[in-house]
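Asks: Spelled out from the first residue to the last, the chains are:
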Amino acid sequence: MKKEVLDQALNGIRDRYVMEAALYDPATDSGKETKMYGKNVKPRRRWLRMLLIAAVVVCLLTATAYAAGLLGPRAILIDDGQPVYEYQRQENGNWEVTENPEGGRVSLTQPQEAPEDMDPAVVAMLENSKAAWAEWSDYKASRPMPQEPEAFRMPTGAFFSDEELQSDGSGILRFYSAGPIGDDNGSPVYDPDTLIEERTVTPEDYEAWDEYISQLDAMMLFESRYDFNYGCNNAEDEAALEEIAARYGLKLRGGSTLLWSWETVKESRERMDAETGTSSPEIDFSGPQWLTNAELTDRIAQVGCHGTFFYQVPEGYDKFYYFDEGTFCVSWYYTLENGTQITCYGYNSMYGTLSSGTEVVDQVEDRSAFTERSHVCPDGTEVTILRNGNRAFIYVYLPESFFNEEIQGAPGMSDADLDAIADAICYSNIGK
Amino acid sequence: MEDNRILDLFFERSEQAIGEVSKKYGGILRRTAWNIVHDQRDAEECVSDTWLSLWNTIPPKRPEPLLSYALRITRNLAVGCLRRNTAQKRSSPYDVALEELEDCLAAPSGPEDLLDAKELGRSIDRFLGTLDKESRVAFVRRYWFADSVQDIASILGLSPNAVTLRLRRSREKLKQYLMKEGIAV
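Residue numbers (our numbering), protein chains in the order written: chain U, 1 to 432; chain B, 1001 to 1185.
Don't take every hint at face value.
Unchecked claim - The list that follows gives simulated cross-link-like pairs (lysine-lysine, DSSO-like), each with its CA atoms no further than 27 Å apart:
hint	chain 1	residue 1	chain 2	residue 2
1	U	K140	B	K1133
2	U	K130	U	K251
3	B	K1118	U	K3
4	U	K140	B	K1023
5	B	K1175	B	K1118
6	U	K3	B	K1023
7	B	K1133	B	K1118
8	B	K1023	B	K1061
9	U	K251	B	K1023
10	B	K1133	B	K1175
To be verified - Here are some, though not all, of the chain B residues that point toward chain U, as calculated from beta-carbon distances under 8 Å:
hint	residue
11	K1061
12	I1124
13	D1125
14	G1129
What the hints assert, rightly or not - Not close to chain B: a few residues of chain U, all C-beta gaps over 12 Å, as computed:
hint	residue
15	G12
16	A21
17	A22
18	D79
19	W133
20	T202
21	V265
22	V303
23	I342
24	E365
25	A369
26	S374
27	D379
28	G389
29	A420
Source of the hints: derived by calculation from the structure; they are not laboratory data.
Given the structure is predicted, the values throughout are model-derived calculations rather than measurements.
Glycine is no exception: its CB is placed at the ideal position from the N, C-alpha and C atoms.
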């Protein structure tokens, strides 16, 4: 069956089911930047052996940044003991979700561990942020969630239900242990022998249902003034978040500003139209969110740095977004020596900001497959370059923030390419 | 602001309507678009085009519920965007989700066997009525909103394995159901 048929067929799902599924989700986030592919696994021995080898080759510090010490991938690997899941195509064509015991998750935001030689005050800030986040998580877990009215809850043993609305506003719910069978006309009917319970639902019960939906609605539609990653569902949550942050002396990420390059978008669309013979609809590039590549480069320097960020204007930008307290993300394009254009995704995470450390996450297929080396950039900053297949991570502990950049590479990506990418940025200028 | 008041603003041709609907539903629309196109810029374009479409169709329409109407517009725009991007070999988790469903429904043997999309849609809709609520939410979130298994697990408070199992069972049931409805699989 062609996907296009399914695309259209799924439009036939009634509003009620779409709304039910939409309102089930309390999240109000936009765009969902976080890449939640899976969850990671416990450390493995092969991984420990690699760390010991890495310890032998670690280099000395420079003045502008803290060395990664013996950390290597530990600085970015999330270790919450949960397995990584992957989609795998089977021989029969089916897709199956399988656990990958070798896989791991990496964080693009706060470091997962601090180097031993880091300023104790900074280490204390990171520990402080972790403790604050743990308290915030406990608070969130303690908050009551809207409860489905008892009258609508499925009895034990039932897996199916149908509903018969009555003219007086009541309804009859029937719960079955098995799905419907076809009658003589092929219409679905339930086998009476599988009936578990028949229940009358009063108009008052339906009112309770509406109230339940409205509570979910209010949660979902709450517009928090803080980053959606905090998960504030109401003003009480916001107040609790502020109280915890204040008590721990941490800042909060407020609303973010997202900017794009109209030059990059225009080029991309023209290229796509030429390749596909299509004609993309015009975009109004007049808004303040649309800048040239050069203007975006200047803006990054203005809002996130005390000087130049990129030495030269990149060939293109995917996006740049920033928060007022100093956290920012820049996704830019780079062409490898072999002519392949790749994306580089850098994230600057402030130590003094309340953070989960998992706001932006990606997955690697084999957590033991990292190679590690250090590299000294033109401004004297020593960065750590980790490589895992066609992907690489360049990270550095700065005095006030952790900068981590994921290189979404391609076959043929060389060490020289990675050095050039690392050298494109003046790390010592990061921070206001 | 209540949906009715927002609709009134559309009927009054007040541009405040766009601001209010964006404030109220922008988050879930962006998320839905992003799930399908998997690209921040394209997702933002889909949502922007949704506002334009709402402005152009209300009035004369007065859709209720407004959220569902807006979601359908966004979803269709995102799917269209994805299909265009497919020519650029950009893949999407939405396609992975659809392939699960494709495998459940199986391929037609020739053009004359292509299912009528509307009839199939009606059948899937009726089938959803036979599912328990959690399974139905999981199904719709997976195949309509293109949410990941992990995200659905988070929404429902289940483990990813439990969600995978539940989706698989739902697909099996759908297969049986479509056979009973006379839709060849």
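Asks: Flag every earlier hint the structure violates by its number, smallest first.
Replies: 6, 11, 15, 16, 17, 21
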